[in-house]
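Please put together the full structure from these sequences, using the hints given.
Numbering that gives the first Met the number 0 puts the first residue of the sequence shown at 0, with every later residue one more than the last.
One thing to keep in mind: the hints can contain errors.
[As the list claims (entries may be wrong)] Calculated cross-link-like contacts (lysine-lysine; reagent style DSS-like; alpha-carbon spacing at most 27 angstroms): (1) 321 with 30; (2) 218 with 30; (3) 257 with 440; (4) 321 with 440.
Because the hints were derived from the structure by calculation, they are not lab data.
Quick caveat, the model's predicted, so the values are computed rather than measured.
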Amino acid sequence: MEPRADARGELPDALGRLADRADDHPETIRKVGRRMTWLIFALNFVAVLDRGNLGFAALQMNKDLGLTSATFGIGVGVFFLAYSLLEVPSNMVLARYGARRTLARIAILWGLAQMAMAFVHGPTTFYMARALLGAAEAGLAPGMLVYISYWFPYAYRARYNAVFAYAIPASYAVASILSGSILQLNGVLGLAGWKWLFLLEGFPAIALGIVTLFYLTDKPAQAHWLTPEERGWLQTTIDREAMLAGSQPHARLWDAVKHPTVLLLAAVNTGIYSGLATLGAWLPQIVRSFGLPLHLIGPISAIPPLTAVIGMYFISRHSDRKRERIYHTFVLLLVATLGYAIVTASGTPSLTIAGFVIANLAVYSVNTIFWTMPQSYLPREITATGLAFINAMGSMTGFVVIAMIGRVQGSMGSLTAGFPIVCGVFLLASVAVLTLAFRMKRAKATVAVS
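Spelled out as structure tokens, the structure:
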């Protein structure tokens, strides 16, 4: 059965009333938030830290390994290719065996894979290590988003998605400062600075994986740290919202892949993921092209993601307050296009950083709001698989877009020459958002007539 949401991205009146009643139990939500959000944030923070350090490692690594702009772009993209291929299987495992074991396995394996990056010695081993890291991390983002939907009612979902999403720009900001410092260990114990970067930043993921295994609770009904009344209310609320969003008794993989809403959301995510995949990959090299010393590259590269953290807070809460998702997503995609256009056309350091600030603010904010839609609009039985498919399509696009950008950079000799490709994908994604809005409006009219 189709989720009956209107053109503004709102769910049925019954779900709206249920969301209003969720406001009557703020202490339960706060208790869940205190228990869950630090670990949700930490897992994504460390995952993005592992990705963000690649842009800084490239300052030394590309020369040592003989990587060109094109080969570096392929290496960045191979991560997303492996990630996308294994996302759906990973989330199917999560739906069957629970988040605790699945997320712990992901964190431990990606920490080991990150440390293995220190042992690459040429383009081929670079590609292999990046593919291994993508395979290890596959399923983390959609898995965490599914997990959030298991614990937080619709009325709170954008702000807790934001906690998960805050980790992305915050991690890039920390990586900008921390990675630059670690690179200065170059030569210590005979190891290059970029090797120290991968070795030191792999340990936190392994530690978090072990903590996850013993700390997470799969569902509210199993939460011994809630009172029986709190457990009952929360589990009942989540289940009722899932039922109102629509349900299918025996959903299979194909049920998710062919679902029209899944396909439209996947098209939207291709634009968002293209932005996420490119925001940090080349920023350190672009800042370095300004002629700045190594110790200043990190702090300056941290400005755009730090600005995004502040903007995300207000924009996600505005979306929750208005209970509107679709037009927030549409406008932010257009703003992201503007940011990348400024970076492409700019000839000065100040305008380049300003463009990155706009792009970071829009991309990270839209990522927060967008993921409330599949969490809330898809039937419960296909949510895990649908989320994974949506994210996998975004990851696959990330692979293609990054490879294209690297090739354009190499042929034109400019680090920003390939960014119009991202602008084009943003615009296509904005068309998909409007198509989704039209589809929901028509579905609501049909229901009203019947």
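Evaluation of the provided hints:
1. 321 with 30: Answer holds: residue 321 to residue 30 is near 24 angstroms, not above 27 angstroms.
2. 218 with 30: 14 angstroms, holds
3. 257 with 440: Holds. Residue 257 to residue 440 sits at ~20 angstroms (cutoff 27 angstroms).
4. 321 with 440: OK: residue 321 and residue 440 at ~18 angstroms, within 27 angstroms.
The structure is consistent with each of the numbered hints, conforming to all of them.
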